[in-house]
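**Student:** Below are the chains, spelled out letter by letter.
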Amino acid sequence: MTPILQIRDLQVSYYTDLGRATALNRVNLDLNAGEKLGLVGESGSGKSTMALAMMRMIKAPGRIESGSVTVGGVDLISLNDEEMRLARLSRIAYIPQGAMNSLNPVMRIGAQMVDAIKAHIPNMSKDDMTEQCMQSLESVDLKRNVFQMYAHELSGGMKQRVCIAIGILLKPQVIIADEPTSALDVVTQRQVMETIDRVQKEMGTAVILIGHDMGLMAQFVDKVAVMYAGRLTEVSTVRDMFSKPMHPYAQALIKSLPNLSNKGVFQGIAGLAPSLLRIPNGCAFHPRCPQAMDVCKTTVPDVKEYEGNRLVACHLYTEGA
Amino acid sequence: MKLRLILRRVAFLIMVVWAASTITFFIPRMSDRNPIRERFAELARTGGFSASDLEVIVASYSKKFGLDKPLLEQYTDYIGSIAQFDLGVSLNKFPKTVTSIIYDSLPWTISLLFVSAILSFVIGNLLGAVAAWPRSPGWLRAVATPFIMFTGVPPVLLAIFLLFFLAFKLKLFPLGQAYSTGIAPDWTFSFMLNVMWHQVLPAISMILGSVGGWVLSMRGMGITIQGEDYVNFAEHKGLDGRTIFRNYYLRNALLPQVTGFALALGSLITSGSVVESLYALPGLGSKLGEAIRANDFLVIYGIVLFITMSVATLMVLVEFLYPLLDPRIKQD
Ligand SMILES: Nc1ncnc2c1ncn2[C@@H]1O[C@H](COP(=O)(O)OP(=O)(O)OP(=O)(O)O)[C@@H](O)[C@H]1O
Ligand code: SF4
Ligand SMILES: [Mg+2]
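Those protein sequence lines, which keep their order, are chains L and C. The first sequence runs 1 to 321 under my numbering. The second sequence runs 1 to 332 under my numbering.
These are computed hints drawn from the structure, not numbers from a lab. C-beta: ideal position from N, C-alpha, C; glycine also. Please note: incorrect hints may appear among the correct ones.
Cβ-to-Cβ under 7 Å is the rule here; a few derived chain C residues that face chain L [unchecked claim]:
no., residue
1, TYR230
2, GLY238
3, ARG242
4, LEU317
Working from the sequences, and respecting the hints, build out all of it.
**Tutor:** Structure below.
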């Protein structure tokens, strides 16, 4: 089965006053239809950048330097602007970080949804558009009358659901949800995640969930991808990732999770995340890696595939072989 | 709830009228000039009646208008007549009533002020919005810059400048007046055209003097709004640029500008009066100027009161219209 989403050598830089920051460094990723991937990593590691690059929504001073993002056989990076506009929401949808302010305060929810359909299917009848919007609202457990409401009349969880309803409006093949629950209370977080889960199963869409909360993530995704300084360091199934993480950074992340044996005390990872302007030579993690070797300081580790379709970029597993 | 709000606003308007009429009542009275005496002194010189006759006439007219009473009593009389919508007569031009003076000059003021206020609002806000929109073409953004340079130049200076160069030196436009001498006002097309022709320069001075302010404030607003999450999400939805500009960006950026419009009208009336006088347009501003020069205080009261009342009413109107634009504002 060919993956519905194939990312190859995706590279993004931000041209800042202090120089060029490589925010995404030759990222590769495959995702099958119906698969759910969790994308984790420290703040500033490049998760949103990756999502925005896939939507081709990187704004100046950022730039997609190279690579391809293929969704359902179409390379988005090679589309012209108008084709890309049409691909947004219909092929690949992004549910933004900060859904609290993502709805226009002066337009009714319905009008904002209709706008989205109209942009892609201009000659659909008005009644059909309304019906499609209302069905979308219902499928994220909202009442049909939300169609008539304004954003300020909705709670945080409801606004998040509206954003999801917009995201699934045109049944895209890939949905990216950027920290969809970070501003919500724990109970609402679960409910929203369950909604995403159910909708995703019904539509068979591939989903990328971006987030910090590994615990919440573990319950809803199939695979976890760990990002560090703009590179994917490990991609494994949830089971593998939590039982025997391979990459030392992934190990540190898992160890830092509160659990019963460390009495819920959060253990940080020693050292600071590197500045993207001065990414360390070799493996970007080497200044903080307890198992760093000489080769780590000079040579960037390639991503290699290991047993169980795991992808890991670390010299530990190649040096011995 | 709606009714209570309306009653509150009506009470507010009454307060405004009272405060404005009280303040304006006493100021012209601090001068010892007597508009009646001035009028008849003029007649006495040309018509040749004696100085003692003049005193008799002035005294009798003063009595007729109640000017011989103590000031405080005159004040209460005046407030009383305002309450009955009676603004009195011009002391300098009686039997002309103040109401008829306002009525005759109003069309000139409205056409100049409102046309230029609305044009300036529309032009300024569109230019500002376009200037802040990252996807507008460079040349369109550049158009805004020269307008900004006029911000802070008083419309009067622009008016003098335009009058001197375009009307006096180059003779491209008339040197003022409402319409050409020798034609009678009527509702024909050619007369309208003649009137508009005379209003071009005053209107341009008013527009140039105020458009830069709109450009600047709208550009600032636009820069804020364009970074809002909902504008970003609109693009993620695959909307075309024009829809995003209109529905997500412009509509939100315009909200504070609408409030600003009501406030700007107040200052526009001030500069408008001077421009009117300069171009000898028989509007409210010119009439007010004449009245001040003659210390024709009932006319001063009447016009000031009328302007204050209009601005206050417009503001209340904007307040009532605002919830239609911004659903977050609920009146209760
Ligand atoms: N507009 C920009 N200009 C310059 N640098 C930027 C810009 N946007 C992002 N970056 C840089 O790119 C890096 C990645 O940012 P990104 O937003 O992708 O991180 P993230 O992993 O999503 O973080 P978070 O968890 O906080 O959302 C950051 O280090 C940031 O400094
Ligand atoms: S490559 Fe070296 S420094 Fe990087 S994670 Fe592996 S062992 Fe640590
Ligand atoms: Mg982010």
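**Student:** Checking each numbered hint in turn, tell me which of them this model violates, lowest number first.
**Tutor:** 3 and 4
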